[in-house]
Structure formats: C-alpha cells, structure tokens
Amino acid sequence: MSFTLNQLAQRFSGRIAGDGERQIEGLAPLDGAGPRQLAFLANPKYLTQVVSTRAAAVLITEDYFAKINSKAFCAFFIVPNPYATFARIAQYFAESVDKPPPAGVHPSAFIDPSARLAPSASIGPYTVIEANAVVGERARLDAHVFIGKGATVGEASHLYPHVTVYHGCTLGARVIAHAGAVIGSDGFGFAPDFGDENHPHDRSGEWVKIVQTGAVVIGDDVEIGANTTIDRGTMADTVIERSVKIDNLVQIAHNCRIGAYTVIAGCVGIAGSTTIGRHCMIGGAAGIIGHLILGDRVSVAAKSLVTKSLPKAGFYSSAFPAIPRSDWNRNATLMHKLDTLRARIKQLEATVFSA
Amino acid sequence: MSFTLNQLAQRFSGRIAGDGERQIEGLAPLDGAGPRQLAFLANPKYLTQVVSTRAAAVLITEDYFAKINSKAFCAFFIVPNPYATFARIAQYFAESVDKPPPAGVHPSAFIDPSARLAPSASIGPYTVIEANAVVGERARLDAHVFIGKGATVGEASHLYPHVTVYHGCTLGARVIAHAGAVIGSDGFGFAPDFGDENHPHDRSGEWVKIVQTGAVVIGDDVEIGANTTIDRGTMADTVIERSVKIDNLVQIAHNCRIGAYTVIAGCVGIAGSTTIGRHCMIGGAAGIIGHLILGDRVSVAAKSLVTKSLPKAGFYSSAFPAIPRSDWNRNATLMHKLDTLRARIKQLEATVFSA
Amino acid sequence: MSFTLNQLAQRFSGRIAGDGERQIEGLAPLDGAGPRQLAFLANPKYLTQVVSTRAAAVLITEDYFAKINSKAFCAFFIVPNPYATFARIAQYFAESVDKPPPAGVHPSAFIDPSARLAPSASIGPYTVIEANAVVGERARLDAHVFIGKGATVGEASHLYPHVTVYHGCTLGARVIAHAGAVIGSDGFGFAPDFGDENHPHDRSGEWVKIVQTGAVVIGDDVEIGANTTIDRGTMADTVIERSVKIDNLVQIAHNCRIGAYTVIAGCVGIAGSTTIGRHCMIGGAAGIIGHLILGDRVSVAAKSLVTKSLPKAGFYSSAFPAIPRSDWNRNATLMHKLDTLRARIKQLEATVFSA
Numbered sequence: 086m087s088f089t090l091n092q093l094a095q096r097f098s099g100r101i102a103g104d105g106e107r108q109i110e111g112l113a114p115l116d117g118a119g120p121r122q123l124a125f126l127a128n129p130k131y132l133t134q135v136v137s138t139r140a141a142a143v144l145i146t147e148d149y150f151a152k153i154n155s156k157a158f159c160a161f162f163i164v165p166n167p168y169a170t171f172a173r174i175a176q177y178f179a180e181s182v183d184k185p186p187p188a189g190v191h192p193s194a195f196i197d198p199s200a201r202l203a204p205s206a207s208i209g210p211y212t213v214i215e216a217n218a219v220v221g222e223r224a225r226l227d228a229h230v231f232i233g234k235g236a237t238v239g240e241a242s243h244l245y246p247h248v249t250v251y252h253g254c255t256l257g258a259r260v261i262a263h264a265g266a267v268i269g270s271d272g273f274g275f276a277p278d279f280g281d282e283n284h285p286h287d288r289s290g291e292w293v294k295i296v297q298t299g300a301v302v303i304g305d306d307v308e309i310g311a312n313t314t315i316d317r318g319t320m321a322d323t324v325i326e327r328s329v330k331i332d333n334l335v336q337i338a339h340n341c342r343i344g345a346y347t348v349i350a351g352c353v354g355i356a357g358s359t360t361i362g363r364h365c366m367i368g369g370a371a372g373i374i375g376h377l378i379l380g381d382r383v384s385v386a387a388k389s390l391v392t393k394s395l396p397k398a399g400f401y402s403s404a405f406p407a408i409p410r411s412d413w414n415r416n417a418t419l420m421h422k423l424d425t426l427r428a429r430i431k432q433l434e435a436t437v438f439s440a
Numbered sequence: 086m087s088f089t090l091n092q093l094a095q096r097f098s099g100r101i102a103g104d105g106e107r108q109i110e111g112l113a114p115l116d117g118a119g120p121r122q123l124a125f126l127a128n129p130k131y132l133t134q135v136v137s138t139r140a141a142a143v144l145i146t147e148d149y150f151a152k153i154n155s156k157a158f159c160a161f162f163i164v165p166n167p168y169a170t171f172a173r174i175a176q177y178f179a180e181s182v183d184k185p186p187p188a189g190v191h192p193s194a195f196i197d198p199s200a201r202l203a204p205s206a207s208i209g210p211y212t213v214i215e216a217n218a219v220v221g222e223r224a225r226l227d228a229h230v231f232i233g234k235g236a237t238v239g240e241a242s243h244l245y246p247h248v249t250v251y252h253g254c255t256l257g258a259r260v261i262a263h264a265g266a267v268i269g270s271d272g273f274g275f276a277p278d279f280g281d282e283n284h285p286h287d288r289s290g291e292w293v294k295i296v297q298t299g300a301v302v303i304g305d306d307v308e309i310g311a312n313t314t315i316d317r318g319t320m321a322d323t324v325i326e327r328s329v330k331i332d333n334l335v336q337i338a339h340n341c342r343i344g345a346y347t348v349i350a351g352c353v354g355i356a357g358s359t360t361i362g363r364h365c366m367i368g369g370a371a372g373i374i375g376h377l378i379l380g381d382r383v384s385v386a387a388k389s390l391v392t393k394s395l396p397k398a399g400f401y402s403s404a405f406p407a408i409p410r411s412d413w414n415r416n417a418t419l420m421h422k423l424d425t426l427r428a429r430i431k432q433l434e435a436t437v438f439s440a
Numbered sequence: 086m087s088f089t090l091n092q093l094a095q096r097f098s099g100r101i102a103g104d105g106e107r108q109i110e111g112l113a114p115l116d117g118a119g120p121r122q123l124a125f126l127a128n129p130k131y132l133t134q135v136v137s138t139r140a141a142a143v144l145i146t147e148d149y150f151a152k153i154n155s156k157a158f159c160a161f162f163i164v165p166n167p168y169a170t171f172a173r174i175a176q177y178f179a180e181s182v183d184k185p186p187p188a189g190v191h192p193s194a195f196i197d198p199s200a201r202l203a204p205s206a207s208i209g210p211y212t213v214i215e216a217n218a219v220v221g222e223r224a225r226l227d228a229h230v231f232i233g234k235g236a237t238v239g240e241a242s243h244l245y246p247h248v249t250v251y252h253g254c255t256l257g258a259r260v261i262a263h264a265g266a267v268i269g270s271d272g273f274g275f276a277p278d279f280g281d282e283n284h285p286h287d288r289s290g291e292w293v294k295i296v297q298t299g300a301v302v303i304g305d306d307v308e309i310g311a312n313t314t315i316d317r318g319t320m321a322d323t324v325i326e327r328s329v330k331i332d333n334l335v336q337i338a339h340n341c342r343i344g345a346y347t348v349i350a351g352c353v354g355i356a357g358s359t360t361i362g363r364h365c366m367i368g369g370a371a372g373i374i375g376h377l378i379l380g381d382r383v384s385v386a387a388k389s390l391v392t393k394s395l396p397k398a399g400f401y402s403s404a405f406p407a408i409p410r411s412d413w414n415r416n417a418t419l420m421h422k423l424d425t426l427r428a429r430i431k432q433l434e435a436t437v438f439s440a
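The listed protein sequences derive, respectively, from chains A, B and C. As numbered in this note's numbering, residues 86 to 440 make up the first sequence, in order. As numbered in this note's numbering, residues 86 to 440 make up the second sequence, in order. As numbered in this note's numbering, residues 86 to 440 make up the third sequence, in order.
So here's chain A without its partners, still in its complex pose (with noise of 0.2 Å):
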C-alpha cells in the first residue's frame, strides 16, 4: 500500500512544502525512519532530529516548519495538529491492510429470531444475540461475543471476541470494547438483615440483594480496555460519556457517570455513584471513592486515592514513590508517630519561646 505526499495531503488537509510526488509506505518515528516513510514532529525538544531524519517528509506545524525548513532535507507536510494527522495517517494505512471481515453471519453464531441486525453488520462464530437487541450498520461483533435481551450495539462499533453485553445495556457508534470486558453487571448492593443488633450472632445473618433494574449506557467513540467491567444502575443507569477511553482492568460501579473526553488508565477502581466530570485524567490503579463529585478537568496521579469530591480542575495526588526499602521502612515507622513528633516540638516550643 503506497500514497503520494499530494495523495495523503489532501485526504487529511495539509500542506506539502517540497516533493509532492515522494511515494509513502508507512509511518515510523523521526530517528527510525526510512525514505519511503512519514515521520511526525510534535514535541520541540526532536527538533534537531527533523534535521537528521532519513523519513520521506515530517508532518509538522507552520511554527516548526518556518523555523527548521531552511536545515532540513526532507519534504514536509504542515497541519495544525501533527501527531493527529499521523494517528489519522496509521489509521488509514492499518485499514487498507487489515480488511475488516465481511458483513453477515457467521453459520455458528447464535442469533435469537427478534434481534434486528443491519446488513452491513458481522457476526463472528459462536457469538450469541439474545431477544430484541439490536445491532447497527458496519457493526463488528467478534467469535463468542454476548448481547443480552433488548441490549444494542451502535453502528461501526468493534466487539472483540469474549465481550459481554448484559440485557438492556446501550453501546453508541464507534465503541471499541476489547476481549473480556464486560459491560452491565450488577452493581454491588446488598441490605443487611442480621436481626437484633445486640445479640448480632444470634441468628445467622443475610445479605439481601439488592436488585440492579437499571443499565449501562455508553456514548458514541468510547473504547473500553480488555477485562474491563462496568456495572449496571440500581434504579437508574451507569452513564459513560461520549469518547471516554477506558484502559484495561478498570472497574467503574453501578451509577457513575463518566464525563466526555475523561481518559481512565488501566486498573482503576471508581465505586457507586460517583460523577466524574468532562476532559479528567485519571492515572493508573487510582481508586476513588463512592458518592464524589470531580469537575472538569481534574487528574488523578497513579496509585492516588480520592476521597473527597474535587470540584476544581487541577492535578491531585497521594501516592508515594518507592526508594530502598530499609530507608522507606525506617521512616514509614515514624509516619505512625507523627502526632509524638509534634507534640515534642510545641513542648520545645513553650520552653524556647516562652523563655
């Protein structure tokens, strides 16, 4: 597969400064690629590499291009948002190689008589449909994919294989969810019944579950990371917005609502009922407690865990770095003593100052 410079640049609306005819095979990074090659330049601290590269032409920003055009030998290829261009580049490369499958059904799949299905839509080998679900155009449902009764899956969205769609639940256009996620669980609600407080062994106790009538309902763009869940509501649904990115592993409880463009990295815990706001960046295993609120643009480093609501945007933290374990170990002791230590100085304090 092999475009032009002019070719690419105007399916993706760019400008070509130098030879417009240079064939491009494929993307690489500015220090690895080779002439046949599209690089990209989106952090100035490679600048000097623009100079060095072996790439056929490096997608760049007018304001780079004006300052490094006159060093380089390259071809260049200017747009507002260079790293963009070249993801929407490697896009349209991948698709012209890897064929999506054809559309129908694959003669294993299970589909149940009331489910509708577009044409265009593809259904791999033992994938179940139940009841009334719904599936749109050029959708891609992967082998042993499940769609629970009256669940749908918007058009052009990509279920890998072993995804499963819990009864009722609503995935928009676009979705990508990956092997293993599952989307629609119950949410985790149980009302204690262990009989009289006072006596609390008495009797043997129980848990009484507490049912999920509601669903999970996922925008348009959101991709959703392998082995991910999300639960379905109690009463009321579990809201993801449209293109939240979800990593892998990712746990988020009956009731939250995801705000839009908000990006979890993988292994993250959000319990019940929390509402995360628009554009946040939470970091990798960050847990946040049920019932807060995080407005805009709030970001969560790694490992850090929310226990209040943070209606200010900004960037919040409570994780630790390790260092070498006797010295943690020596000090974290301490960490259980902090209280004596500040009891000592305000004694210190009264004798030196009162004096």
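Hints were generated in silico from the structure; no laboratory data involved. A couple of the hints might just be wrong.
Copies of the same chain look alike in the list, so a pair counts if it fits in one copy or across any two.
[Said to hold, decoys possible] No farther apart than 20 Å at their CA atoms in a straight line, the calculated lysine-lysine pairs in the PhoX-like style are these:
id, residue 1, residue 2
1, Lys156, Lys184
2, Lys156, Lys130
3, Lys234, Lys184
As the structure is a prediction and not an experimental result, all values here were calculated from the model.
With chain A fixed as given, assemble chains B and C onto it according to the hints.
Here is chains B and C on its own, set in the frame of chain A:
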C-alpha cells in the same frame, strides 16, 4: 405487574397503616416516587422527605412510624428492617417481569454424557459441561459457561456468560457468578531451581511449577463479581464460606478462607493462605498479604494494605486522601526525611531540656 | 498410582538412604504426611519435624541429612534442591492421574482452513482458530479459546477456557495461560485533537486512536494468570521473556519488556514502554509507571509505586501497613503538615543553637 399494599404486607410480613388497597407497581426513592410506588425510610436524616413524598406508601420501622405518622399523607408499611424488605420486594417485582429462561439444554451446548444435570436446570448456548460435573435444580448457566470435570454447581445458582469453573470445584446453592469470573485457576506457586546461589548467572534458571491439586469450595448464597478470580488451593482447598459477597475484579489467591457474610469490594487482592473472619468488610482496592489471620468483624479501608494479622474486630487503614499535587509532593518528600527530623528534635531537646 | 522410592530416585536423580522399596502414593507436608507419602525439608526451622514425621521418606539436602539422619525414623531422598524436586515429583503424580485430553479437534471447534495445527494438538469445543494461525505439537487449547489471524501457539502450551490471543501474537513452548487471559489487546494510546488550546471548550474535542500495529511476543515456559491482560505494542512488540511467571489480574501495557525469570504477583499494573530486568520480583498490586527501566534482581514490595527507573538490584517499597483507623487518621493528617513541622524545627534550631 401490580399488587395491593395488603397483598405485599401479607407476603413480606408487615403491618399496613392507611389504605391497604392502594396499588403498588414498583419501587422508588422517597424523593422520586410517584403515587403507585413504594418508598422506604432507612436513615433518619430523610425523615422530612416522608412528609413530602408522593409515594403511595413508605416502608418504615415502628419507631419512626410513631414519630412521623401524624404529619404524613402516605400509607405506611411497617416492618423491622425497611431497607431489607425494600430489597426483597424489589426482587419480587423484578422476578415478575424478568422470567428466567425455560428449563432445558440449548441444542448448541456441549454436555459430556457423564455429567448429571437436574431436569429443571437451564443451560445456555455454547456452554460446555465436562465429564462427571453436576448441575443442581433450577440452576441457570448462561451462554459460553465452562464447567470442568467433576465440578458441582448447586441448586438455583446463576452463572452469567463466560464464567469458568475449573475441574473439581464446588459451588453451593444460589451462588451468583457474574460474567468472566474464574473459579479454580491454578494458585501461583513455583519452586526456584537456579543452581549454585554463588553463581546465579552461570546457568539458565528455572521456576518449577507447584501443581495445584486442591480445589475451590464456595458456600451457599455467595455472589462473585465480573472478572473476579479465585485460585484453587495447592494441596488443601480455597474456601469461600456462605453469604460472602465479592465485587468485580477481585483476586483471591490459593488456600485462602473467607468467613461467612464477609463483603469484599472491587479490585481487592488477597494473597495466598490468608484467613479472613466472618462479617468482615474489605474496602475497594485494599490488599492483604499472604499467611495472615483476620478476626471476625475486621474492616479495612479502601486502598489500605494489611501486612500483619489483625485478630481484633475494628476498622483499619493505611490510605492517604489525594490533595493538590504540589502540596502533596512538597510534603511527600519530607516523608523520606522523618528520621532526620526526629534526630533534630532529639538534639533540640537535649540542648533545651538539659539547660 | 504408586512408585517405590528407588524408582523415584532413579527418575529424579536422587540418592536414597533407608528402605528404597517403600511405596510412595503421594506428597504431603512434613506434619501431615502419612506412611505412604513423601515430604520435603526446605527450611531449617522445620528440622525437628523431620524427627517426628510419619512420612515414608523426606526429600532433603546432603547437609541436613548429615545433621538429622541419626535421630529420624523415615527414609531419606537426598537431592540438591528438595523443594524443586518435590515440585517435579508432584507434577509427575498429577500427570499420572489427570490424563490430558486426546489429540484432535473437537467437532464443534471452528478452524480456518489456512490454520496449521500439529496433529498431536488438542482443540476443545467452540474454540476458534483464525486464518494462518499455527498451533504446535501437544498444545492444548481448552473450550472457548480464541486464536486470531496469524497468531502462533508453541508446542505443549496449555490455554485454558476463554483465553483470547489477538492476531499476530506469538506464544513460545510450554506457555500456560489461565482462563480469561487476554494477549494482544490494543495498547492505550490516543492523540488529542481538541482545537485551539486557548479556547478548549469551543468545539467538541476528539481523541484520535493510535493504531497498535505491534504484537505480543511471549517466550517459552511463561505462565499467565486468569484474567490477566497484556497489550500489543504501538509499532514495536510487547515482549515477555522466557520463564516469566505472571499471576491473575495483572495489566502489562504496550511496549513493555519483562526480563526472563521475573515473577509478577496478582493485581500489578505496569504502564507503557517500561522495561523490567531478569529475576525481578514484583509484589502484589504494585504499580510501575511508564517509560522506566528496572535492572535485574529488583524486588518491589506489595502495593508500592515505582515512579523512577531503578537500575540497581535491591528491594524497594513505598507501602504503609494498615493500623487502627483512628491512629492512622490522626497521623495521616499531619502528613500534610510536614513542611510546617520542619519549619518549626528550623526556627527552634535558629533560636536554640544561635543562643
């Protein structure tokens, strides 16, 4: 689906004050309920909402009924535990609407001839049940479930799609396992065999797998969340006692024992051979290292790490709340200097108090 | 199944002291073994148990044999590494009892005609193998496994139910992947394209997906836990070197490289492009941020967060042990005031020592 208050009161052992012939069509919170819905009061801080609610009736205790009765317009449904009764009535409504699938084996399921399935069990498409496995009455196995050789699923259990039960594991009655849960995978154990310790790089080393010949035994009324994993024991079994509730993405390692009624929130990890008592509450993303013993009624805060046995009931924590990053980092750095701060305090004390 | 001590000694290269004709039917710990079982001594603190054990024989080193021989009643099976030999004999017994499934393809499996399966491979029900995939001799794929286009599974590997191997990924020989493991899902990468940075709210933003054209390459003798996820690389591959052992619910992001013999406990998350050396030990629920380099023989404590490269071998930590909540909270609050405590110490020093 609709019931009168009197009908519900008879079925769920309550007393009605007010018009017992009112029709109830569903349940809702106090502030959102309409005139054909039933609400509940479990927390006294919502007492004033009972006065203003539009609900047909409110589930309430005798005590709160006595306090609020004269001021309210709704009927009352008086029970000892309004929240638990609310949960039971919600289940009743949900079951009336969402009929379970019919008994029988889907033609696409693969059942080994030596497996014993109760006639009232329901087995979904593409489910696999291996030799000598047993499935109890009214058990429901959804699509793509895997039951290994000699495993047992108790009566009225419900296994959602893509649940894997390894060979020889036992699930009690009314167990719920959500999509992707894995029960009985190998415990994580290896014997190092890297040759001469003084020349560890001299030969290619090897981890020798410890075969995991125990199983997992799960009691009645246990619920297991989506993509949660419970490893089989090394020689003895991993045991989950009755009515334990486990959320999504939890890891329980080999040879653990989890006591009855204990609740484990999402993303928790429990290392091997740890025993947890009854009625414990393990907060989200907490970690518990191996070979510990936690007593009954131990609660662990979210994201905390338990490194020592905790025989005494109580609430334990080691987690920090996130604060603005610059504040956090300024102080986190000092954490590594607590020992020098203490030394400086000591020296001050020596000077000041010896004077 | 039963073997004499002499038979086992011949197969596993040991020397017998005592009656070599004793029959061994199984293995057990020193304190639980019966007269037809074999136990082992790996830790000198159990030396006295060797005197009292009822085991037929004890695996032991020459050194400990010399110390304890005269006091004990059992036979001895003398080897350089008793624990590793114990593990190997336990495997031998397990294999004698639990025969692997016969070679061949289950009639319900779906195999693309262009896939190449070794005749001795065993393929379970509903397993899907896509075009040009390769499955080696004696490989065992259980039910519901998915092998994507052009992926390779090495000889004698064992993939448990619901394992997903994405297109183009490679597994070496004797790889074990437990149920629900996902190998080769997309790395988590997006280019922001939200328009004018000065007016970020003016238009609907967009995250442009970075296509992930690398794969995952897994070496020989790797074990991967249940529901663990390993992402494919962006342009280059994610690499897991030989004999790496990975527990359940671990997330390994795109373009990581994990060095040979490294062990990763459950619930660990490793962010993108991080390289980990050989013989490392990563404790449960530890986190490692992206683009770091950890040297050989680095150990990280459970729940710690690595934020900087750690080139030097050693043990690193940043985790606090849980203590009673009231004690914890009283001191945790002071953590946020360490800078003012230090300032107070400084002022005291200025006053006291300048006096």
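Comparing the hints with the structure gives:
In this assembly of identical chains, the alpha carbons of Lys156 and Lys184 never lie at most 20 Å apart, being 40 Å within a copy and 69 Å across copies at closest. In this assembly of identical chains, the alpha carbons of Lys156 and Lys130 lie at most 20 Å apart only when taken from the same copy (16 Å versus 71 Å across copies). In this homomeric assembly, Lys234 and Lys184 come within 20 Å of each other (Cα to Cα) only across copies, at 12 Å, whereas the closest approach inside a single copy is 30 Å.
The structure fails to meet hint 1 from the earlier list, while all remaining hints are met.
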